[in-house]
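Novice: Sequence:
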Amino acid sequence: MRHWCAEDLAAWLNDLHLPSGYADRIRAAGLDGQTLVTMDREALANILGITHEEHLTVIREHIRRFLRNERTNSPRPAVLTPRQQTGGSRALKAVPSLKFDRLHNHLTSHHHPGPPPFVPSIALPAPLHKTRRSSSAGPKLLRDAAAAHSQLTSANASVEGSSFACPDSPRINRRVSRTGVGVGV
Numbered sequence: 358m359r360h361w362c363a364e365d366l367a368a369w370l371n372d373l374h375l376p377s378g379y380a381d382r383i384r385a386a387g388l389d390g391q392t393l394v395t396m397d398r399e400a401l402a403n404i405l406g407i408t409h410e411e412h413l414t415v416i417r418e419h420i421r422r423f424l425r426n427e428r429t430n431s432p433r434p435a436v437l438t439p440r441q442q443t444g445g446s447r448a449l450k451a452v453p454s455l456k457f458d459r460l461h462n463h464l465t466s467h468h469h470p471g472p473p474p475f476v477p478s479i480a481l482p483a484p485l486h487k488t489r490r491s492s493s494a495g496p497k498l499l500r501d502a503a504a505a506h507s508q509l510t511s512a513n514a515s516v517e518g519s520s521f522a523c524p525d526s527p528r529i530n531r532r533v534s535r536t537g538v539g540v541g542v
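So for the sequence shown, our numbering puts the first residue at 358; every next one is plus one.
None of these hints come from the bench; they were simulated from the model.
Keep in mind that the hints are not guaranteed to be accurate.
What the hints assert, rightly or not - Here are the simulated distance ranges between beta carbons:
no.: 1; residue 1: T429; residue 2: N403; range: 30 to 36 Å
no.: 2; residue 1: R428; residue 2: A385; range: 16 to 22 Å
no.: 3; residue 1: H409; residue 2: A386; range: 17 to 23 Å
no.: 4; residue 1: H409; residue 2: R384; range: 18 to 24 Å
no.: 5; residue 1: T429; residue 2: I404; range: 25 to 31 Å
no.: 6; residue 1: E399; residue 2: P376; range: 15 to 21 Å
no.: 7; residue 1: S377; residue 2: R428; range: 30 to 36 Å
The C-beta atom is built at its ideal place from N, Cα and C for all residues, glycine as well.
Based on the sequences and whatever the hints tell you, model everything.
Specialist: Here it is in structure tokens:
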């Protein structure tokens, strides 16, 4: 960024999706990258006429990122500046994109674990029909359950509709409903 000319800076501002008037003012002032990196918010507002606070913040933040990246030599996406595309120097220069910077900052400032470690399969128990049980145990349990159910059903049918004294309170008569649950009369 320090070696950029006014055209490079204008293209950079357009890449930041800022109003094209800012790029025109940079060209008119003949501002270069070395001068831009030394400008504070007030100088940007006075010399370039940038008064929108959010635009000032975006420009200053991207300048800070460029300077920080120059010091740390962090990898940046490389693109040709417009001057280089028209036949100037063929060296690549780093031009940030707002989306890349946000993603890069998010990924480097938060812990993002990698994929979960490989977990080998665990053998599941065999199905019940393959276990070593007596072959008559299942049908016998089923017959016993069916017999108990039929006994309860017949007992409920014989009691249904009759009144009797509640054992907890001799003064309350209760009727047994079809389901066998006591209902107050």
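Novice: The structure should be examined with respect to each hint, and the outcome stated for every one.
Specialist: So, going through the hints one by one against the coordinates:
1. T429 with N403: 30 to 36 Å: Since T429 and N403 have Cβ atoms about 31 Å apart, the given range 30 to 36 Å holds.
2. R428 with A385: 16 to 22 Å: 31 Å, violated
3. H409 with A386: 17 to 23 Å: Between H409 and A386, where Cβ atoms are some 18 Å apart, the hint holds.
4. H409 with R384: 18 to 24 Å: Holds: the Cβ-Cβ distance is about 19 Å, inside 18 to 24 Å.
5. T429 with I404: 25 to 31 Å: 29 Å, holds
6. E399 with P376: 15 to 21 Å: The hint (15 to 21 Å, Cβ to Cβ) holds, given that E399 and P376 are roughly 19 Å apart.
7. S377 with R428: 30 to 36 Å: 31 Å, holds
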